[in-house]
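Number of protein chains: 2
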Amino acid sequence: MLRSLKKLTLAGLLCLPLAASAQNQDSLHIRKIYDLALTQGQSYEQLRYLTSRIGARLSGSPQAAAAVEWARQEMDKMGLDRVYLQEVMVPHWVRGDKEYAAIVNSKITPTREVNVLALGGSVATPANGLTAEVVEVQSIDELKKLGKKKVQGKIVFFNRPFDQTHIITGHAYRGAVDQRSSGPSEAGKLGAVAVVVRSMASNTDDFPHTGGLRYADGAPRIPAVAISTKGADVLSKLLKEDDKLQFHLRMNPQWLPDVLSYNVIGEIKGSEKPDEIIVVGGHLDSWDIGEGAHDDGTGCVQSMEVLRLMRSMGYKPKRTIRAVMFMNEENGLRGGTKYAEVAKKQGEKHIAAIESDAGGFTPRGFGIATTTEATFQKALSWKDLLAPYGLHDIDRNGGGADIGPLKDDRVALIGFRPDSQRYFDIHHTANDTFDKVNRRELELGGASMAALVYLIDKYGL
Amino acid sequence: MLRSLKKLTLAGLLCLPLAASAQNQDSLHIRKIYDLALTQGQSYEQLRYLTSRIGARLSGSPQAAAAVEWARQEMDKMGLDRVYLQEVMVPHWVRGDKEYAAIVNSKITPTREVNVLALGGSVATPANGLTAEVVEVQSIDELKKLGKKKVQGKIVFFNRPFDQTHIITGHAYRGAVDQRSSGPSEAGKLGAVAVVVRSMASNTDDFPHTGGLRYADGAPRIPAVAISTKGADVLSKLLKEDDKLQFHLRMNPQWLPDVLSYNVIGEIKGSEKPDEIIVVGGHLDSWDIGEGAHDDGTGCVQSMEVLRLMRSMGYKPKRTIRAVMFMNEENGLRGGTKYAEVAKKQGEKHIAAIESDAGGFTPRGFGIATTTEATFQKALSWKDLLAPYGLHDIDRNGGGADIGPLKDDRVALIGFRPDSQRYFDIHHTANDTFDKVNRRELELGGASMAALVYLIDKYGL
Ligand SMILES: [Zn+2]
Ligand SMILES: [Zn+2]
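As you go down the protein sequences, you meet chains A and B in turn. The opening position of the first sequence corresponds to residue 1 in full-length UniProt numbering, with each subsequent residue numbered one higher. The opening position of the second sequence corresponds to residue 1 in full-length UniProt numbering, with each subsequent residue numbered one higher.
Misleading hints may appear alongside valid ones.
[Unchecked claim] No farther apart than 25 Å at their CA atoms in a straight line, the calculated lysine to aspartate or glutamate pairs in the DMTMM-like style are these:
{"hint": "1", "chain 1": "A", "residue 1": "Lys-230", "chain 2": "B", "residue 2": "Asp-435"}
{"hint": "2", "chain 1": "A", "residue 1": "Lys-32", "chain 2": "B", "residue 2": "Asp-393"}
{"hint": "3", "chain 1": "A", "residue 1": "Lys-230", "chain 2": "B", "residue 2": "Glu-45"}
{"hint": "4", "chain 1": "B", "residue 1": "Lys-436", "chain 2": "A", "residue 2": "Asp-206"}
Think of the hints as simulated: they come from the structure by calculation, not from any bench.
So that you can see chain A by itself, here it is in the shape it has in the complex:
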């Protein structure tokens, strides 16, 4: 006691602000979070199970149910104050077993199979498939300029590549993804019979990247597939030499009735302000190929790790901390929507929600979306505490799909920002598997989220 008083007085004499000793305490606490995560972190082994033993887990699938039960059991082991399932009805789309595509009837090449994946939500082709000429466009604008005459009866091939000059690959993704989400309906409106979309990918390989499409109300629903980047390059090249070649597409995906599923929630109750809630989350569902490792198994295990680290440090948060594993981010966002709905109905006060859904790569920072400048400035004031861990990118481009529906004036929506260079090589592909995840990168991510949660819990936001 005497000693700390002395310290305080000395600090006063030296004109050091009181904040300095708090900062030092914070710095030590954060250091301990990282030490624990790097030496005793559990995320990597948890992720191994989720990806290798359960695997791909599209909403409505048996594997999604297994993932729910797994997440519940994992959090049950952690001695939290509360672990519960939140009911949510989810869409149930299945790929079918007949996905096949080929370049046919070309003067310059024999029938040539190409790798495609139905876009999530796509309708089927006729049972024997469909065959049509192909019209290649770089954009929806270009498509509209072609008009009905040139599109009617054809397969529209959207082939605008990633803009590689973006340093953050997510920006390139956003610049290309309208082809996949809106392309099918825009083509349908002009009488096209199907859509082939160049994969939203940062690399060139044989893996097609699936992802959701959005059929517009009233527009004809036509089948749509993603083609691998290599396949797209081949098709484009052949079209230049022979614009009468045809494309054959056969697939039988279908929509089944909605299925009861769950968000999985674990909670440590706040000791001083239990009514103020801080959420960390990722989504538990994935596409139906690969293992949903970086998208978004990593976000789930990192979110659980935040609670586990608190527990193993014996830290009692002032506010209530929740890890939420959202269901159905990929093709419906029903989990995120339901979570926000319930929160609103119960009058819950969320002060911050952090989502990890950009891969389990080396942490680079956080995007913080808030309507309150003071909130952003408070987060910025923690820069020196986060910089030693490589968390330099603190900016306003925050948010996340699942936490989006929580948006109101009181909550900061925060996106965990890992290094982006590798994500869109494997995003939504059969290649998004456990072996692409590095243990240290993954654990550093969980620790980074835990550090931010610690600061928000201690100082508010």
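For chain A, the structure is supplied; the task is to place chain B with the ligands on it using the hints.
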């Protein structure tokens, strides 16, 4: 002319410092460097050739000779002012064909093979191998405390793991590597018959990591191998249950006569200050396993890319820019030593040397070693120009093995600093292969070096 005068006056009226427009010009120039590297970069395809077609290339090997010829031809294509080979005699150590190790004569397990790799430079075992009890230590200090009595006739097993709490894995490497470099001689002095070293690795797997050892003058030279981290864990566990178990080791590496080899140098002559030289470099040799992809194929292709980008932008540097592919970093440093020797003899004035030898991962910054504070401050003043590319870590921990011998008061020795999380999973293993390299990460690294070279060339350092 009128227009630019007008602009200048306006700037003057608005009290903008003249520097602002230079900064803007720099920012545009750097942006263009990245655009070019990301869209038309050649490093990745060059690296594919070097790693997949030439492969591992230990000094003195035929593959090292192939790498020299390849690098010369690649730079010849670029239309540089000068491409030349600098002669250097290099050591020639070969691994032999009989590497074998097993845990034997244990009461609790049948003979159990383990994965080992001779340390570079190790002497051979007797032709039939050697078999001895094992004494496990965590450090050279602990070994010395055991003393001759407990070490004599035994195999010393250095098993201190990486300290995972370091955020930069290179720090953990430095904290463990004395076991490999000095361990064999220290054990030899106490009468040990061989040394087994836990791999200097950030992960746990079956790949042993080789690397150089340094036999001390006058100390007995005993055979030494690296054991994989999994193997080390097994051995340590078994020793706890049965400290009389024995280890069998058989290998026949040997030293052959020195071989004539070369540093490969490409140069663009400076237009204003041709006598001031800026070096970018990596090392062309690798260990004799894997493909030497991240160590250090990436550094070589990135260095060439710096010159190529200048050429393709039509940029004429004021100072002379040299890309140097150093020979024999791994087991002798003869190339780096020779380069500095010749530079000194010819009275060359190097103002900066940048080495990329920490993997082709996402760029994080530069370490800048200089004896002149003003030099460091000048580099720091470029922070805002580099930050948009994720280059936040500008500190004083600079340098690199090959450029080290250039050290004097006039030259800044700069280490390119990529993200470190994955490097020591694969460093010096059979797993350091092309498929571990991501195209965008690699090209971003070359662009980052090119951006720094541009600034140093323009403003001096
Ligand atoms: Zn996702
Ligand atoms: Zn190296």
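The hints, checked one at a time:
no.	hint	result
1	A/Lys-230 with B/Asp-435	holds (17 Å)
2	A/Lys-32 with B/Asp-393	holds (22 Å)
3	A/Lys-230 with B/Glu-45	holds (16 Å)
4	B/Lys-436 with A/Asp-206	holds (17 Å)
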